[in-house]
Amino acid sequence: MIEATRDKMRENLIAGAAVGLLALALAFFALLEGSRSAAFEAAALRSSPASVVTEVNLPSGRAFKVADASGSGYGVVFSAASEDASAIFAAVFAPSGELRKLKIVGSCSSRLPESANEALDSIAGAHSALEQAKGIAMAAAEAE
Amino acid sequence: MNENQEGFIPNPVLSGLVGICPLIAASKSLAEGIVYGLGTAVCALVLGAVSPVIRAKLPDRLRAPATLGLSAFLALSYGFALKAYSPAIAAGLWLYIPLLAVSGLSLSVLRRGSAKNRFRADGRSRQIDVAVEALLFLVTAAIVGGIRELVGLGTLCLPTGGSSPAVLTIADFPPLKTLVSPAGGFILLGFLVAGYRAILKASRRRSQ
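Residue numbers (the working numbering), protein chains in the order written: chain A, 68 to 211; chain B, 989 to 1196.
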């Protein structure tokens, strides 16, 4: 009886330790990935061209406060994919939500139009991704 | 079919139709096919290597959660690494990278790993079977993605790193765009399965 209880305790200990180790490793990976993708997005917005001022983290996503010739705004990097193309866009919005700049910063198709607005039209679901990005930018403006 | 012949390992996709739905949804280009196939192969290889250890060290009731936890960990790690390597390919593969955790090949490897005997009747290690199957899955995913992109769009996207992978333009117009859609992918897979079976039948006739 005591032996059986000990075995069960040992099993629970092994399971707890394994799950804990996996969770720790994943949290470490996620932390590295978070800082890496923030650096990638900041670099993408700097090339738009806009200078990145601060990072604004929200539950809905990540935005960057950016400054350019037309004043300060909020930059969001988002991706969209369809059957024949995938692309990563950098968008800069005014605090009111008006789209100021849009640029393709990465793509996986040669059939994508060079103009960012035309590329947006050619990828199904890209417009809703842009709307989501706008929502994140406006939320960032409100949070500031 | 030749599956019962000694030493024969069937193609998991073209013979067993393992994991074909995510394969067709994810492998729309050569780069995506290679990256998806590589992820599936890596997950299956690691799970195939670890499952005998899990079977030996862990009690029955902990095996399933431990292997699924490890599978999810592998899929997420591969996803993070892919995002760092090529964000555009990662965006194209979208949900199908986390879904590697429950890919058909991994589950079939786990089912086989739960067998008591680590060796087949002919004395060969089951690990070798897993390695060959993983390689066949990778090659098939690359072929499916490559043909779909080449015939569907007239381009070949290479799995190079950076924000935009290298794309070779073979034709100035998309020759048969339907092939890039999921329906076109399944039609192509049907032809590949038929071709694979015809080759097997021919080789069996020759060996008789």
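There may be inaccurate statements among the hints.
[Said to hold, decoys possible] Quick list of in silico lysine-lysine cross-link-like pairs, DSSO-like style, CA-CA up to 27 Å: (1) Lys1045(B) x Lys201(A); (2) Lys75(A) x Lys1045(B); (3) Lys170(A) x Lys1071(B); (4) Lys201(A) x Lys170(A); (5) Lys201(A) x Lys168(A); (6) Lys1045(B) x Lys168(A).
[Unchecked claim] Derived list of chain A stretches under chain B, where covered just means 3 residues or more per stretch with a C-beta under 8 Å from a C-beta of chain B: (7) 96-109; (8) 119-125; (9) 201-207.
Rather than coming from a laboratory, the hints here were simulated on the basis of the structure. Yeah, the Cβ is synthetic: ideal placement off N, Cα and C, and Gly gets one too.
Do the hints match the structure? See the list:
no.	hint	in the structure
1	Lys1045(B) x Lys201(A)	52 Å, violated
2	Lys75(A) x Lys1045(B)	14 Å, holds
3	Lys170(A) x Lys1071(B)	20 Å, holds
4	Lys201(A) x Lys170(A)	14 Å, holds
5	Lys201(A) x Lys168(A)	12 Å, holds
6	Lys1045(B) x Lys168(A)	57 Å, violated
7	96-109	holds (count 7)
8	119-125	violated (count 0)
9	201-207	violated (count 0)
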